[in-house]
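Each protein sequence line maps, in turn, to chains A and B. Per our numbering, residue 1 is the first one in the first sequence, and the count goes up by one each step. Per our numbering, residue 1001 is the first one in the second sequence, and the count goes up by one each step.
Treat the hints as calculated values from the structure; they're not laboratory data. Careful: at least some of the hints might be erroneous.
In silico DSS-like cross-links for lysine-lysine, where the CA-CA straight-line distance does not exceed 30 Å [to be verified]:
hint, chain 1, residue 1, chain 2, residue 2
1, A, Lys115, A, Lys78
2, A, Lys271, A, Lys196
3, A, Lys181, A, Lys196
4, A, Lys160, A, Lys78
5, A, Lys271, B, Lys1033
6, A, Lys181, B, Lys1033
7, A, Lys196, A, Lys160
8, A, Lys316, B, Lys1033
9, A, Lys188, A, Lys160
As the structure is a computational prediction, the values presented were derived from the model and not from experiment.
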Amino acid sequence: MANLIISNVCSANCEFCFASSFLKKQDDHEKFMCLDTFMEYIGLLDRSAIDEVRLLGGEPTLHPLFADFVRIGQAAGKRITVFSNGLINEPALEALMDCPPDRCAVIINMNARIKKSQRERKAYVLHQLGERSIAGITVDSPVFPLDPLIQSILRNRMRKVIRMGLALPVYGTRNHNLHPKQYPAVAKAIVSESYKTAAAGIRIEPDCGFVRCMFSDEEFKALNRNGFCFGSYCSPIMDCCSNGEILHCFALSDLFSVRLEADSETDSIRKELTRQASVWRFGGIYPECEDCFFRRNEECCGGCLAAVMNRFLPVKAMSVCL
Amino acid sequence: MNGRNYRIPSGLFWVNNRDSVTVVDPARAVCEKLADEKAVLWRLLQQELPRDELIRLYAAIRSVSETDALLEINQTLAGLAAAGFAEAADG
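This is chain B alone, in the form it adopts within the complex:
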């Protein structure tokens, strides 16, 4: 099963908190606190892992199957795109 493609734009900043990740977009003067599965995904993304490795590790951390992991990753990225912290890159 394949999902959409996304771009994480440059110009953002992020920081690890104890239980979350905060992403700031200074240009739009907005910040977003990512908790739970969103924080896990963000941290993995920032390690610039290959696709399969990303899904495998996400599934292991979240204790879900790789199919479910891919679903969750898609949903999270769609949420990030809606908040302006990722861009859908289809077509």
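Just chain A, with the same shape it has in the complex:
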């Protein structure tokens, strides 16, 4: 898995965005990934036997060559996955509609902060994409009723899946994120909402950063019954940028990255990014993580590494005269 960050600009303005601080640092001439770089990344995917092109931004569909990128990806025999805020322009939408539904997935950020005037367009896009679209939600508060999302999924015949992410921190900068102390409250809300999604035949798939201990054993059983596919992971996502830099993830963009080389493969890139981060992975997001049963049994990764690193304090340099 590797994400191609083809656009450094976005038409939404989400407080919880973990990409914006990195993207704002990029130079003007790197706002969009050029065709040559895109082709180099297609080469990386080919060498790594990856049959999926994942297009991200910013808002990837704002790229002037977005339709070309989709067609190139298809011609290379790859499934197309797009992460979008739903404000997709007509040429980009047409390119996506040209893809067979089983070869294309558009994950729509359903709680992206967009203007009122843009809502109509988003509703139209969702209706057009239908089964090509998957609802994504970023949980940035312990209160998040899923009723409107469920209605939207059913009304627009979207895939019966909700991709659920936690609003995670970005190391070294400030975004709106959930504090790990809020996770148990979030967990209660997830369990409560999972009864509604289960009744509608909708599955919830968690994104990275979830921890097992945020759910009690009873809650965990209820989630399993309600189609919540729990997974706890935090590993290099490999966000591939327009400047040839490959990041561990946006949340750790200032710390861990490698350069794309002519013979790079994702396995070796992942290993190197894992090595760079390994010194910080002693425990997890809570002090209790160090001897946690779930962590020892590899049921839990200990949470988002950016949240772990936010627990660290710089050492006060000093002399000790005994």
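Given the structure of chain A, go ahead and fit chain B onto it with the hints provided.
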């Protein structure tokens, strides 16, 4: 009784766990888990206490005499220096 002098260098990071302290040196890509008396000492050091106060509190927490406390502190600092998380500053 006096011991050696040590410097705790800058550029390190540390975090409190439930039963220990972890110190990371990103430049050398190494980390060290400090438990028991090492964790106690590290936490006290990071409060930047005067020497006498450091020894007094350490002795109270560890239930040892101040003489023994000074011995233990010296030993722990020597261990930290061997691991590269402190530097002996004699001479």
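(message) Between the alpha carbons of lysine 271/A and lysine 196/A, is the straight-line distance 30 Å or under?
(response) With a Cα-Cα distance of about 40 Å, the restraint between lysine 271/A and lysine 196/A is violated, given a limit of 30 Å.
(message) For a C-alpha distance cap of 30 Å, please report whether lysine 271/A and lysine 1033/B respect it.
(response) Distance ~24 Å between lysine 271/A and lysine 1033/B Cα, so the pair holds.
(message) Check the hint pairing lysine 160/A with lysine 78/A against an upper bound of 30 Å on the C-alpha distance.
(response) holds, 23 Å
(message) Check whether the Cα positions of lysine 196/A and lysine 160/A lie no farther apart than 30 Å.
(response) holds, 13 Å
(request) With a cut-off of 30 Å on the C-alpha distance, tell me whether lysine 316/A and lysine 1033/B pass. (result) Holds, at roughly 18 Å.
(message) Tell me if the straight-line CA distance from lysine 115/A to lysine 78/A falls inside 30 Å.
(response) violated, 34 Å
(message) Hint check: lysine 188/A vs lysine 160/A, CA-CA at most 30 Å. Holds or violated?
(response) OK: lysine 188/A and lysine 160/A at ~22 Å, within 30 Å.
(request) Take a quick look at whether lysine 181/A and lysine 196/A sit within 30 Å of each other, Cα to Cα. (result) Holds, at about 25 Å.
(message) Does lysine 1033/B sit within 30 Å of lysine 181/A, going by the straight-line distance between their CA atoms?
(response) The given pair, whose Cα atoms are some 24 Å apart, holds under the 30 Å limit.
Taken one by one, the earlier hints fail for this structure at numbers 1 and 2, listed in ascending order.
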